[in-house]
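Undergrad: Work the whole structure out from these sequences, hints included.
In the order they appear, the protein sequences are chains V and X. Per the UniProt record's numbering, the first sequence starts with residue 1, numbered consecutively. Per the UniProt record's numbering, the second sequence starts with residue 1, numbered consecutively.
Since the hints were made in silico from the structure, they are not lab data. Take the hints with a grain of salt, since some may be wrong.
For identical chains, the list gives no copy identity; a pair is met inside one copy or between any two copies.
[To be verified] Cross-link-like lysine-lysine pairs, in silico, DSBU-like; alpha carbons within 30 Å at most:
no.	residue 1	residue 2
1	Lys45	Lys178
2	Lys178	Lys424
3	Lys192	Lys321
4	Lys247	Lys90
5	Lys45	Lys90
6	Lys424	Lys34
7	Lys424	Lys247
8	Lys390	Lys253
9	Lys92	Lys156
10	Lys247	Lys92
11	Lys163	Lys178
Single-letter residue listing:
Protein chains: 2
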Amino acid sequence: MKCYLLFIAATLATCQGLPVLDTYLRWIQSSTLKDIESHQSDAEKIINHALYGPAQNQSYNRLAEFTDTFGSRIAGSQNLENAIDYMVTKLKEDGLDNVHTEAAQVPHWVRGNESAVMISPRYHPMAMLGLGSSIGTPPEGVTADVLVVTSFDDLKAKASKAKGKIIVYNQQYVSYGKTVQYRALGAREAAKVGGVASLIRSVTPFSIYSPHTGWQDYDDNVTKIPTACITIEDAEMMQRMQERGVKIRVTLKMEAKNLPPVMSRNTVAEIKGSKYPEQVVLVSGHLDSWDVGQGAMDDGGGAFISWQALSIIRQLGLQPKRTIRMVLWTAEEEGGFGSQQYYKEHKKNIDNFDLVMESDDGTFMPLGFQFAGNSAARTIMQKVLEPIQKVQSIPLLSGAEGEDIDEWISAGVPGGSIATDQNKYFKFHHTNADTMTVQDPTEMNICTALWTVVAYTVADMEDMLPR
Amino acid sequence: MKCYLLFIAATLATCQGLPVLDTYLRWIQSSTLKDIESHQSDAEKIINHALYGPAQNQSYNRLAEFTDTFGSRIAGSQNLENAIDYMVTKLKEDGLDNVHTEAAQVPHWVRGNESAVMISPRYHPMAMLGLGSSIGTPPEGVTADVLVVTSFDDLKAKASKAKGKIIVYNQQYVSYGKTVQYRALGAREAAKVGGVASLIRSVTPFSIYSPHTGWQDYDDNVTKIPTACITIEDAEMMQRMQERGVKIRVTLKMEAKNLPPVMSRNTVAEIKGSKYPEQVVLVSGHLDSWDVGQGAMDDGGGAFISWQALSIIRQLGLQPKRTIRMVLWTAEEEGGFGSQQYYKEHKKNIDNFDLVMESDDGTFMPLGFQFAGNSAARTIMQKVLEPIQKVQSIPLLSGAEGEDIDEWISAGVPGGSIATDQNKYFKFHHTNADTMTVQDPTEMNICTALWTVVAYTVADMEDMLPR
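TA: Written as structure tokens, this is what we have:
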């Protein structure tokens, strides 16, 4: 209730500078900040428990056992469903409340065998990974001359040479956000100018001959052509060859298939709120992964620090006023199918969603807490983060990130996520190297402490965050 | 002649502190240093030509065309012989003197198809590379339980459990020099305690699920078992599984074969000396590579800056007093077969070998010039390096490195090599990622300038280096 007054007061004070409302706003803020301060000793308990106590390395160890046991978990696979069953068992064993799953229909893309071989000017099998949703090739493959381009503009400039060619994109890596368009749209743009397949330089700042997979988007009005990512190394080599006037010919074989959608599940567990159980602070990560690597970083880490937040609160015998709900999304990699279904079913209760958090950028050493919310809420979050600053400097940043929480944030719910070293993250992203080797127990402890302190403090404040 | 006096003088002065000899030594040194100073303008010409003139990026571009054309060049392969033929043609086209090859017998190991698949606790095909000289497995492979060890000591401690097992080494990476023993000796040590195969964590500080190959050494008195490198990621995972008491079973299949030795060739070209043509400054790298990647870094870079040194001297119309000889060794990777043959045939002229240089640690930005020689020679080399310091700080370091020049250095010939960032080098070493992508044209220009200034100045001094 008070939070709405705070919101109105903040808005009016900001817009009109009214002195009475301003005073009232300060009074409310000061009362809220005192409320947060009263949680400081709980926050310290959480931090000590996560970093030095019985929960030390627990999220890492649980994740190691999970990923070692199941490996990769692509949407549509039985392996993902087995992994979900395993999580339900573990969450129940952990004594959490209301452990259950919620159904969601998900795509079912299957890779099959695949290869890309340069057959001219010399025989050179290339490391590659077909892209999610790509069609396959005929069994004999697609064999064609190569046209290398460095951008969509370059493709347009060379459009007259593209017909019947395999289009190789050798775009520079700028950032994942900017460069991923080549993976997502490379096939459709190639097809528009008559390309018969596309091979895209992997979207990464660094390679040890490492192909990266990921989802791609056909346009229903454009011919669908098979598409895969190759390494930086081979994309650069083919460009050099083309610049020398060398004719390049490649055979691409892909058994990839888009099968009918299947049912999967979001996995849910809670710490039930004592006073406002219908109000929710949501912590999340996605349990599905690509079908390469083991989904330890993307997004096992995010999923397991979310579990760990609930686990630590239960271990410490804390009970927040409102419910902390963990959701492990399904089929994030294909475009957030699990979270979209969840939003559809739960948006009617949107007023009760206090804060939605997702960790899906890696659980490396946190470089900041990304927060989407108004300035009054930012003031509160700044205070919430105070206890963790003794462990690691964690500035409050703008703009929470997470495909699975975007709809909630767009609808006005405050959102949170963890900023990490993205240059490191995208070296391993969607590759066979997404394993426990990139995870560090201490870094996961600190992410866990941050995640738990934020979730618990916000869930136990008297008021919901202003929005 | 004077250099012998210098040597005697230096030795006596050092041992006995005689004032007369000390004075004589200083006089000689000062005359030698003046000789070097007189080469400063030639050195500057070389540097300008290599960095900003017509030779800018030439070594990089030549190497790119070479590696793009031939790819990998393992000893014993027709591809290496074709690459040697190509080099002979190019060296002749470049107008160099005495272009020829010298025969050397080399091992002929062939990889064939290979795989390592974890079949229990779950199906997990592992990235792997068989090790050079390894025997193959029977066609159905070797299937056995796994014993993970972290060191040779740990293997001894667990020896009673090793019989019939596939031994997995999950040793920590300390440095290449220290850690490579597991790759070299892992199979024989495993066999001694009854292991049926060995899988060794790749010798690298960093992995993107990257297996590294390399040579390994059987002991003729110990059963030979198949051996390969796996990734850091899988070695670590198997150790975690073992610590949890999980039984691991792996099927290893390798078609590897040790075929009869074949003839290969060292490739030689020269700038003939004007005054002491029988005296030689030798610059070198090895032309062979592993059968993965494209041998751009190991050791295309070293080979091509050595060619470039001669090329630049010819382009500038310089003619040193003694001969600068480039040798591109064959079969370095198998243990220096080309260079051993060369030493055997040329050691009778060892007194005429003034300085032997090899670049085989990467042609990244030089961090120093490694030099093996006595203190009088070091004083000279310090002076020789002066002109290059304006471009890049290049301290004179101790202990030249290079498998192909070791015998000469051990026999007392001064030796030189380039120190580079070894943490970077060993990320790519003996992998599919050894391609032009790790090479940088500017860094190669600077390596070339350094290599050429040293070779030319030493070759054109009146005296040979003291030894």
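Undergrad: For each hint, tell me whether it holds in the structure or not.
TA: Hints versus structure:
1. Lys45 - Lys178: neither (41 Å within a copy, 44 Å between copies)
2. Lys178 - Lys424: Both ways: lysine 178 and lysine 424 sit 17 Å apart in one copy and 27 Å across, limit 30 Å.
3. Lys192 - Lys321: The answer is neither: 56 Å in one copy and 64 Å across copies each exceed 30 Å.
4. Lys247 - Lys90: For lysine 247 and lysine 90, only the inter-copy Cα distance (22 Å) is at most 30 Å; the intra-copy one is 57 Å.
5. Lys45 - Lys90: The answer is within: 24 Å in one copy meets 30 Å, while 72 Å across copies does not.
6. Lys424 - Lys34: Neither way: lysine 424 and lysine 34 sit 39 Å apart in one copy and 51 Å across, limit 30 Å.
7. Lys424 - Lys247: So lysine 424 and lysine 247 fail the 30 Å test inside a copy (36 Å) and across (33 Å) alike.
8. Lys390 - Lys253: This pair counts as neither: shortest intra-copy Cα distance 54 Å, inter-copy 53 Å.
9. Lys92 - Lys156: Result: close neither inside a copy nor across copies, 56 Å intra and 43 Å inter.
10. Lys247 - Lys92: Classified as between; 27 Å across copies, 61 Å inside a copy.
11. Lys163 - Lys178: Within one copy, since 27 Å is at most 30 Å while 54 Å is not.
Comparing the model with each numbered hint stated earlier shows that hints 1, 3, 6, 7, 8, 9 do not hold.
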